[in-house]
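Chain order of the listed sequences is A and B.
1 is the number of the first residue of the first sequence in the numbering used here; add one for each residue after it.
1001 is the number of the first residue of the second sequence in the numbering used here; add one for each residue after it.
Chain A regions said to be covered by chain B (calculated; three or more residues, Cβ under 8 Å): (1) 3-13; (2) 110-123; (3) 132-145; (4) 245-259.
Cross-link-like lysine-lysine pairs, in silico, DSBU-like; alpha carbons within 35 Å at most: (5) B:1075 with B:1183; (6) B:1362 with A:23; (7) B:1006 with B:1388; (8) A:75 with B:1073; (9) B:1389 with A:254; (10) A:247 with A:182.
The set of hints was computed from the structure by calculation and includes no laboratory data.
We put the beta carbon where it would ideally sit given N, CA and C, even for glycine.
Protein chains: 2
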Amino acid sequence: MALSTKPYKGARDFYPEDKRFQKFLFEKWREIVESYGYEEYDAPILEPLEIYLAKTGDEIVKEQTYVFEDRGKRKVVIRPEMTPSVSRLVAGKRQELSYPLRWYSIPNLWRYERPQRGRLREHWQLNVDIFGVQSSDAEIELISLIDDIFKSFGADESMYEIRVNNRALTNYILNDYLKLSKKSQHNVLKLIDRMHKMERNTFITKLDECLTSKEKEKGFAEKLLVILSSKDISKLSEDIKKHSSYKELNDLLKRLKRSGTERVIFDPTLMRGFDYYTGIVFEAYDLDPNNNRSMMGGGRYDGLVGLFGVEPVPTVGFGWGDVTLYNFLQIHHLLPTLSTETDVYVAQIGNTSEAVNGLAKKLRDSGIKVAIDYTGKKIGDQLKSASKKGVDKVMIIGENEVRTQKYKLKTLSSGKEEELSINDVIKALQ
Amino acid sequence: MALSTKPYKGARDFYPEDKRFQKFLFEKWREIVESYGYEEYDAPILEPLEIYLAKTGDEIVKEQTYVFEDRGKRKVVIRPEMTPSVSRLVAGKRQELSYPLRWYSIPNLWRYERPQRGRLREHWQLNVDIFGVQSSDAEIELISLIDDIFKSFGADESMYEIRVNNRALTNYILNDYLKLSKKSQHNVLKLIDRMHKMERNTFITKLDECLTSKEKEKGFAEKLLVILSSKDISKLSEDIKKHSSYKELNDLLKRLKRSGTERVIFDPTLMRGFDYYTGIVFEAYDLDPNNNRSMMGGGRYDGLVGLFGVEPVPTVGFGWGDVTLYNFLQIHHLLPTLSTETDVYVAQIGNTSEAVNGLAKKLRDSGIKVAIDYTGKKIGDQLKSASKKGVDKVMIIGENEVRTQKYKLKTLSSGKEEELSINDVIKALQ
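All chains, please: the whole structure from these sequences, using the hints.
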């Protein structure tokens, strides 16, 4: 039986016309993050299981990782996210590195889950992290950088918004302001994290189930619902506004607006799943009604590097998947038309390969990208090949051209044809 | 217990100073292959097991693959090579694609084996393939391209040689010229493939073991030893020289020399392991006595696309690993000095972040890469950080500078310090 030509479920083949778009995304990403002084690093796609068990969300490790035993009986994981790896690298040179450390990577990540729009089993993700900054200068830099990335793709602020919350503020509200029991806090946090995946009524019912009967009696569910619907941070109660986590978040929002990052809004329901976030969290949201979803997110996770037995380092970082970005650009008509890199196609009449190769070498030495047709097909078919590949310039060479050293240069789009010496061909193509 | 900071065995972490070298290799590779009209594609790192069982060498699939069952009970492999994947992609669009098809990729590949110099469990590999060319124009193009890659890194022909053989010629010699039994042929082929890993005497003993007693009596072992030691293709016996596979190889060697690819030699012992090669095979060899080894190789494999149930396509391709290339460049002192991409480091006196961020935005808008120090450390420590990161230009900004709008620009290597307006800073850095 013939083998299937399909890729593995939930993963993508990149034919050259697809790969071009991916390269376009990656190049823009690199351009912007490097303009902020970030440097690229990388780590193996296989990691020991242990580094995920400590702090990644349970669901991911237990149900969604590609985990297996290697031939030497080590438990290994195809990385589902980059944060544990980058923490491992920083911990490995904790003393030698100088801070602030700005690192980025575009790793290939895998999660075992049901493929759906915007969420495949495999994707690439821009990971940007800044290490060694205690102040919210770090968050402000990353949120500005995210905004710059959107703008560099031609997006304007009618298309996206950046939502911000502070996990420390949420913790304060649940623990100190509402004084929920530890267990209720844990359950409420998990529930809020999933609230946009359910109807409001379901959420209210489930919220009641998270609380003890005493907590319910005191009307905590109602209080919490009011807080979670606040869009305006200044309307929170005065008690909450006294806490440092409120001030931090409020200052951040003000500074971002002043610096020209307009579309930043307070979202008290934003949790960002992962257990490791300790402070400000943020997320970019697509505002198109047909693609209303979170595209990327991140936050402060000061505790992760310390798990590797070194002094902890304050850290803020984010991850941004290629699939969600691609969908965003597509739905907002921001994808450019990309064509082949090849500058000229050489069609041969008869077998002139040795002469053609010599000429092609001259073109290449002048920085011109040349593809040669060696099929020996009819000239019309060779021109069709050039056109199908999207190469607009074709050099036609037969024995006659080799003798006279004058070569036909045809422009497919206009039909224009010239007879030129090799130097003039080079000039025409440069 | 603290988690280990080591990467998975046989795999590499790429700190920015390492990643820079990898990017340098990849960029050169891309530059040269694109100058020949090759276009980049990609495929998932996970593939169904079946596509390797058909034609990859037994040893690789049975002993060296990372194979496991996913949560849906599918047998999947972390790809050990790219050839089955690229054949799958071509087969998937067999009719729509136009030939010659020139494709390349730089995939991450994994093999479970004992890590050793030049051979890790994980590497990246440049894969270049040309589809749809029957004639040896295809092989000539790829061998010239390999030679161009070496030269683009500054290598000269005292450092490497390209060895060439024809699997069809070897088959002819064993099957028609020596008339060995099928079983003896198979064993002899496998033995020749490993002959450089053993002493000559061991090889002779093992060669005897491959033959039937009748074959031994006829002196086939001696005849084969003479053929295998031929360095000069023209010295082969007249009977062999009549065969088309000899002519093909001999023409190829002649044409390559005429076109300026000097260091190409005939090597009758070259087999290239994989079962799928059907014609010319080639390999680049490091001539440094301390790194005397094969660096990369490839050949013609006309049968692979056809395994996916479509009409076969003549194909020639090669793979070139990043580890062997890096070692080659290192041993021949061809690695350049690479430094950070960042153009300027901003050191702050006091907290001037808001003003500094505004200035940095102006620099970025002019294409300058700026890293800002937000640590609030003493100015001397901030200068040390800049120096450690390898950034030579430092802008020093305090409240005074913000007021006067004149900023100190210091060049660390010379100690030179200037007071400049932001526009003059931009001019100085561009």
